[in-house]
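Novice: One-letter residues, chain by chain:
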Amino acid sequence: MALALVANLSFAYPGGHEALRGVSLELEPGEVVALLGPSGGGKSTLLRALAGLVPHFHGGRFAGRVEVGGLDTRRVRPADLAGTVATLFQDPEDQVVFTRVAAEVQFGLENLGTPPARIVARAEEALASVGALHLAERPVAELSGGELQRVCLASTLALRPRLLLLDEPTSQLDPDGAAAAIELARESGAAVVVSEQRPERVLEAADRVLFLAGGMLLDDAPDAWLPREAVTPDAEPRGEPTCRLEAVSFAYGSVPVVKARSLAVGRGEVVALVGPNGSGKTTIAKLAAGLLEPQAGRVVRAGRACYLSQDPGRYLVRERADEEVALAVGGDLARARAALAQVGLLGFDDRHPRDLSSGERERLALAAVLVAEPDLLVLDEPTRGVDPPRKDELAALLRSQAPGRATLVVTNDLVFACEVADRCISTAAREAVVA
Amino acid sequence: MSPAPAALLLAGLAAAALLADRIVSVAAIAAVLLVVCLRAPADRRRLYLVGAFGSGLAVFVLTPFVSQIGYHVLWSGPTVPVFGTLDVTREELRIGLFQGLRLTAVALAFAAYALLLDHDRLVQAAGFARRSVLAVALATRLVPTLERDAAGLGEALRGRGVEVTGVRGRATLLGPLLAGSLERALNLAEAMEARGYGRPGATRAPRPGWTALDKAAVTLGVAAIAIGALWL
Amino acid sequence: MPRFLALAAAVGAAVWTAVRPEDAALALLVVAAALIVAGAAWLESGPGSSKELVLIATLAAAAAAGRVLFAAVPNVQPVTVTAVVAGVALGPRAGMAVGGLAALVSNFYLGQGAYTPWQMLAWAGCGLVGGLAAPLLRRRVPLALTCLVLGFAFDAFMDVWEWLSFYPHTWQAFTALYLRGISFDAAHAGGNVVLALVAGPELRRLLERYARRLKAEVVWA
Ligand SMILES: Nc1ncnc2c1ncn2[C@@H]1O[C@H](COP(=O)(O)OP(=O)(O)OP(=O)(O)O)[C@@H](O)[C@H]1O
Ligand SMILES: Nc1ncnc2c1ncn2[C@@H]1O[C@H](COP(=O)(O)OP(=O)(O)OP(=O)(O)O)[C@@H](O)[C@H]1O
Ligand SMILES: [Mg+2]
Ligand SMILES: [Mg+2]
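Protein chains in written order, with this note's numbering: chain A, 1 to 435; chain B, 1 to 232; chain C, 1 to 221.
Derived by calculation from the structure, the hints in this document are not laboratory data. Be a bit skeptical, because a hint or two may be false.
[As the list claims (entries may be wrong)] Reference excerpt, derived from the structure (chain C facing chain B, CB under 10 Å, subset only):
(1) V15
(2) V19
(3) L43
(4) K51
(5) L55
(6) Q112
[Claimed, not checked] Okay, the calculated bits of chain B under chain C, using three or more residues with CB under 8 Å as the criterion:
(7) 15-23
(8) 79-88
(9) 110-117
(10) 128-136
(11) 147-156
(12) 188-201
Backbone N, C-alpha and C fix where the C-beta goes; we use that ideal spot for every residue, glycine too.
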């Protein structure tokens, strides 16, 4: 008997266009399904429909039927579905309620009315299953992105769901962290639906693939979505160094993060900086762009440097897209609109940045940095939430503009690193140049 | 000692200091609270101790010049508009010292709470008012995150060569900071509902019971109030 | 029921201060605690959905974290303006809760003191004023004027507590206290005016946009 059933589901957000059009599917118990598709294709909306959050939490026009574990989501509120369906959202930072890990994992169990005597044991069991029991007494603010994601997974697994919905669970994680997260979800034994922008991270684990574009399920995925192997580029450094770090060291307070690191990015070069979470990639990028001053060593820079921050969608300050991009060029709207067109946002001039999808916002932030035509361009994780076809366009854009400047790209996405970069530098091993 | 009884003990001592009538009793309570505060690490407690003694000293220094009490004039100075003739009598000094010590004692009690108690455990220990407890816990949890957002806003602009200076410049970042926090709020509310928040029949994880030490602390706190009111 | 108890305690404590002025300090702390319990009870009886609760917690945290933006400028912080605007956009209950909670939470990071309960009441009051005078405060200038007045009123309110509790009840004492903090009060009130003029209406539009998304009507097609 199917665990979950979606029959001819159509949905539009309040005041918005159709996010889902006539979607039908069935999920078997214990099945792992990969949900792929372009940004704005409707993946998150489908996952929210399975959890009852669409339409109860978001409102909007709902047609069709969704049943999970025999419960019809039109009549059952999301909180009542919580025992059957559990959802892990994209940003762990936006899901945690309490300041201590143990209280956080217990929260779900308390809501479900678990007998008090069993709560602590169930919470510890869930933490142990994701290998985070040692974090139980730690304050949440001190955890890394990867550790926080594991705690959130534990708080969902603690509810022992029969259907586990993961909405881009690995966007903040490095490849090893991503593989571990997907594997933990598989081992839970629940049926799992994983929405993912990086197909190579989920395809081996998946029993089945669904492709959602324009709110409709397609039969097969276009070839841009097929996994590609990462061939590590190792061209020789070339070009007049636009930016050079000489034995640079940096520490946040008493915590040393960058130790005697040397690095050079030549004019005309695209250099990828890769490495595990928390290994100092963002810190090195900020040092190169001049946002941080090194405590030891020297940073030599020729010309203007621009830095695209790691979570661009959150740092947009104007109420119109063209004004936002024009900030870096003193309000010159003509250049701003040209930059918007360059990143595929033609006609978005008067849109409010907060109304754009996550993929569109990342491209707006990219335009806001490219418009200044810097001599040194530093991009911190520019492909988070960006689907493969758009990533190919971004790689082509950066390559075409490479001769005029030095480009440093920080990324956890090895496939993208290999397509866009001439060479890779890793923060993992001390001396190893190759990723 | 678990947080709630410790908080009650501190409150009891503070109340006793405010009820006592003699300088020596208030000084004794202040000394006890100071010893408690000294258990905190040096760098964290300096700010609190300076605040507590500074405000107490201000009371002691200002009181004589702003009141006309007693006859034993120790010093009389010039006549100043608004404040009249500035004079210092023994009674005014005594009252200044007494009120100054009371303020210091209360400030030290709050300092001990801030330095030694885990604010978060204390909030969660409250069995009643679940929504208020959750609101306080959530707000406390979000402050570091939103502080990083605020720093990130400035950094993202500097990364584009846009300098943010002055109160006007910084005020333009308030809107985006709030917009970002409201988006977090929607995501958080959605995640809470997906984890069963709002479902009737919620239970609470068992709170560790009060040990003998905890019970003793509470009785000591209550006793302090009674003694403060009657004898001190 | 808790609201009635709290108000009764408040009146009782006020009478106690009149009878024995030397116990003013304790009586005033009891009054503050009673009013905070009443505020919490009013919040407790509010709508049950997670959206309202998270909204208030997030706005309070944003107001508290917002002071990081103004750390370099002494005594300029966005809590007053945020509480007033929250009141204007979301009503007195939300404004009061945001103000009170922002005080408690920012003091948790800045340093708790005997002034904490009074700061909670003062900022909750600012939120209440915003909520009650909402129709008047929709435009930039009236909002800025109100925040100017509230800036000075906030500091005067804090001085009144310290004066009644620990200083001789003479107006010279109150004058001395108020003059002591006048430079800070001016910076606080001045900062409020700039914030209200620059960011006030934008903040209100943001909160009203959010309030619309709270309703989430479902249309079954
Ligand atoms: N809360 C919302 N309110 C209004 N419109 C929304 C909301 N969330 C998504 N949309 C719109 O609905 C459509 C589908 O969005 P959805 O987030 O489901 O796509 P997605 O496949 O998850 O995209 P991404 O890969 O970027 O996360 C998009 O056009 C998006 O702009
Ligand atoms: N502003 C900060 N204050 C304190 N510690 C920080 C700060 N920023 C980063 N850190 C710490 O410094 C270390 C390196 O952080 P950084 O962001 O440079 O790593 P990263 O390689 O970019 O990680 P990720 O892949 O998750 O982005 C981490 O342990 C992080 O917790
Ligand atoms: Mg999505
Ligand atoms: Mg990083």
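Novice: Taking the hints in turn, state whether each one holds.
Specialist: A quick look at each hint next to the structure:
1. Interface hint status for C/V15: violated, as the beta-carbon distance to the closest one in chain B is roughly 17 Å, over 10 Å.
2. Here the hint on C/V19 is broken, as its CB sits about 14 Å from the closest CB of chain B, past 10 Å.
3. Interface restraint check for C/L43: the shortest CB-CB distance to chain B comes to about 6 Å, inside 10 Å, so the restraint holds.
4. The interface hint given for C/K51 holds, since its Cβ lies 5 Å from the closest Cβ of chain B, which is under the 10 Å cut-off.
5. For C/L55, the shortest C-beta to C-beta distance to chain B is roughly 5 Å, which falls under 10 Å, so the interface hint holds.
6. The criterion of a C-beta within 10 Å of any C-beta in chain B is met by C/Q112, whose closest approach is roughly 4 Å, and the hint holds.
7. Counting residues of the region 15-23 of chain B whose beta-carbon sits less than 8 Å from any beta-carbon of chain C gives 4, enough to reach three: the coverage restraint holds.
8. Check result for the region 79-88 of chain B against chain C: holds, 3 residues qualifying (beta carbon to beta carbon below 8 Å, three or more required).
9. Three residues within the 8 Å Cβ limit are the bar, and the region 110-117 of chain B against chain C gives 4, so the coverage statement holds.
10. With 6 residues bearing a CB less than 8 Å from a CB of chain C, the region 128-136 of chain B meets the requirement of three and the coverage assertion stands.
11. Evaluation of the coverage hint for the region 147-156 of chain B: fulfilled, as 6 residues show C-beta separations to chain C shorter than 8 Å, against a requirement of three.
12. Here the region 188-201 of chain B counts 6 residues with a CB under 8 Å from a CB of chain C, which clears the bar of 3, and the coverage holds.
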